[in-house]
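Engineer: Top to bottom, those sequences are chains A and B.
In terms of numbering that gives the first Met the number 0, the first sequence is residues 0 to 476.
In terms of numbering that gives the first Met the number 0, the second sequence is residues 0 to 476.
Think of the hints as simulated: they come from the structure by calculation, not from any bench.
There's no promise every hint is true.
Pairs involving identical chains hold if they fit within one copy or between any two copies, as the list cannot separate such chains.
Simulated crosslink set (EDC-like; lysine to aspartate or glutamate; CA at most 20 Å straight-line) [claimed, not checked]: (1) Lys34 x Asp459; (2) Lys361 x Asp393; (3) Lys34 x Asp220; (4) Lys305 x Asp51; (5) Lys361 x Glu375.
Number of protein chains: 2
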Amino acid sequence: MRVIDKLEPTIFVIFGITGDLAQRKLLPAIYHLIKDGLLHEHTAIVGVSRRDITVAELLNQVELCVLEADNVCDETVLEKFRYKLRMIRFDPVKDDDYDTLLQTLNDIEDKHDMCMNRLYYLSIPPQVYEPVIRNFGTHHLNEGCQHKKAVSRLLVEKPFGYDLESAKDLIEITSRYFSEDQIFRIDHYLAKETVQNILVFRNHNPIFTSLWDHHHISAIDISLSEQLGVEGRAEFYDNVGALRDIVQNHLLQLLALVTMELPKSIHNSAALHQAKQALLASIPPLNMANANVTRAQYVGYREEVKNPRSTTETFVSLTLTIDSERWQSVPITIRTGKALKAKRSTIVITFASPAEPDTTNKLTFRIQPNEGIDVELIVKRPGFEDKIEIVQMDFSYRGVFSEPEHPDAYERVLVDAIKGDHSLFATSEEVLAAWHILQPILDAWERTDDDLLIYELGSDGPSASMPAAPVTDSQPT
Amino acid sequence: MRVIDKLEPTIFVIFGITGDLAQRKLLPAIYHLIKDGLLHEHTAIVGVSRRDITVAELLNQVELCVLEADNVCDETVLEKFRYKLRMIRFDPVKDDDYDTLLQTLNDIEDKHDMCMNRLYYLSIPPQVYEPVIRNFGTHHLNEGCQHKKAVSRLLVEKPFGYDLESAKDLIEITSRYFSEDQIFRIDHYLAKETVQNILVFRNHNPIFTSLWDHHHISAIDISLSEQLGVEGRAEFYDNVGALRDIVQNHLLQLLALVTMELPKSIHNSAALHQAKQALLASIPPLNMANANVTRAQYVGYREEVKNPRSTTETFVSLTLTIDSERWQSVPITIRTGKALKAKRSTIVITFASPAEPDTTNKLTFRIQPNEGIDVELIVKRPGFEDKIEIVQMDFSYRGVFSEPEHPDAYERVLVDAIKGDHSLFATSEEVLAAWHILQPILDAWERTDDDLLIYELGSDGPSASMPAAPVTDSQPT
């Protein structure tokens, strides 16, 4: 099996275990970690739910083995999973239930006859983060067990706040009970193999390392297109929109990985976050005037979310520049949308020499699907004429590495959180820097929705000639 | 069909039409040009042979259609070929026969009722070049027909001389009767699509254009391996050897294309040759001490050429540096051999930053077979460990362009010679510069063959521990 550092005895405590994310991502990842023998033998899982649901019921309703060949579970692994998991009924906002939780954790440690690290995974609505975190504090769940050096860690899902102010508040409250070292803010994009590869690629390929600046790069395009609409997330999504759901976290993090100064070691978490933070700080706050912002909503969205006056954007694109010697005046375009033609996340780097701006080479990181890298080259077209042709060189992970070698992003998230490695998580400074960049756009959108466009389902996005139906009574007449 | 500049009415005169090269390369190329309708309707071919052989006999014995699908000839094209071709029996070293040739050319022009350009193709032993060229001169075959502006051109096959002195002599004699404009020295490697692509690639890909110097490139390797032995060329080859047969022409030309300064236009023949000449002039003459020269002979060669005392090298490798700001101290290794494991011609460019010389990327031009380009990249190996892996990105001509779009190198040679375009031919200055570079090695080899190694058939070449059986009586005792 894979050789990784020995993981420590750990109790996972999963808040929101019956929720969409836990079921689609977290539980299959745990199944896989058990199967691969990566967890310490002393590992326990506590599922927290307001519903009265048994272990058997829970595991039955989860498609645990979507990552396995033919989606079939291994009964031995399932048995181990069942054995490690216990459910407790529990309302996280209620103060009283935390004693039960603490008692459960103590029971488990007694049974295992050891102190164990605790990893609280919060997959619950952002509105209840604050009371839950307070409850952790008042019941001393933020500490590890007393006698040994076991630690408690908090694993939280985005969104990290709703805007700059609320993010500051959330960070402030959390910091009262948990140190930054104890907090792991999941951006599962950072744990994707293709995203982890960005720094490795930049660090190890002398061809590209020497070209990574405005002298050689004329444009960067970061794009995350989804084919699906809001699906089961209607209420959540309509309160959030594309800018908060995708740009503030995934896309600004990708941007930072692509453009930040490379630290001496890309495996030093602190140096890495310092470089990322410095990059985000060098992006001036964006507004409607300086960032060429387009927002749009797909046709039928309002019906889907049952909000006929919704002005929530399901598409956003913007162009920014980084205020640094390395990137002066290189346009960086960020673009994301739902219900588009294709599911596709890419980062495209366009190389051109200032002398011949029209002659370009493109390097594309394909984050998903068909994970890999391609480079456009220009070659002579065979024949008597002196014509040139753009051709593509391709590398696909699938073609080179066998499937089982790819850990899913959530497996990586869990392993790193158990190990206490922050490299692939967002720091509070990064979260705030990202909100700082986007806040003027959020403010402008509060004032008017004149700029909201619409686009057809399955299209490439909006064209400027398609303004959305105005929400007449919310606008000045 | 392909759009190329209209070709002018031309008479090909082929000396050595029954020879190996004419039959394997030239006649199939002419067949193909006829088939594609590329030749002017007023085109005639005169085959010169000392043997009494008819057009039908000649065409029957040639594998004309090796380039065609299923190797099958198109009867209509064959008929046109027969119609254009006439044979004359003729001993090129005899002075008298040239009147017959002149008469034949005049007859053809009368029949076509026009002045036609003349293109003399010399595929004859180098020893008879001199008398033949003199005969051209004395019989005024070096002139076009008198009344119009038709020109006579001389198309010659390598070797261009046997060493620096003989090359100077040959150039001097030829220049008495033919201006440099009239002479086309074939290096069919230059007419290969993959070789023509080198300058196009260097000119049009900003990624690589900016990296093309010693700051970014740590090594260049140019290699031409053959699987075959000397085959039907035993007598010729034993007098020549690998250095003269391959290095002096093909490999030094490839080296020049890869390393020369790019002229403003890569389609300006004069500028191109000037740049190439300047590059060759900046390579210091090579000797056994400064170029790490290895020569070797494959086991069984002496029996094959029926020369038990032969010291002819069938393998040679050497390493040189170019005396220029761009290439200071970059080692350039040239390597060629017969009877090796694989048939393969490649140019490999190794990129490394001076700071991290061990982290490299390789760009490979695959000249043949499987024509194309590949680039080695370093990526993160999927998994929890931070391991890297070298992977390959590939572009293959075959995968992108359909076969019929590839003109064979000899088609290109003929079309360019008819058009009078010198871009893909070697100038006299280039020929002399190449001999100048290699002459000290030839001189050293004259003095001793102590350094001659042997290697097994089908191997990768010699290892230093395998000296050839000494030719005792040719050495000082």
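Engineer: Checked against the structure, which of the hints given earlier come out wrong?
Structural biologist: 1, 3 and 4
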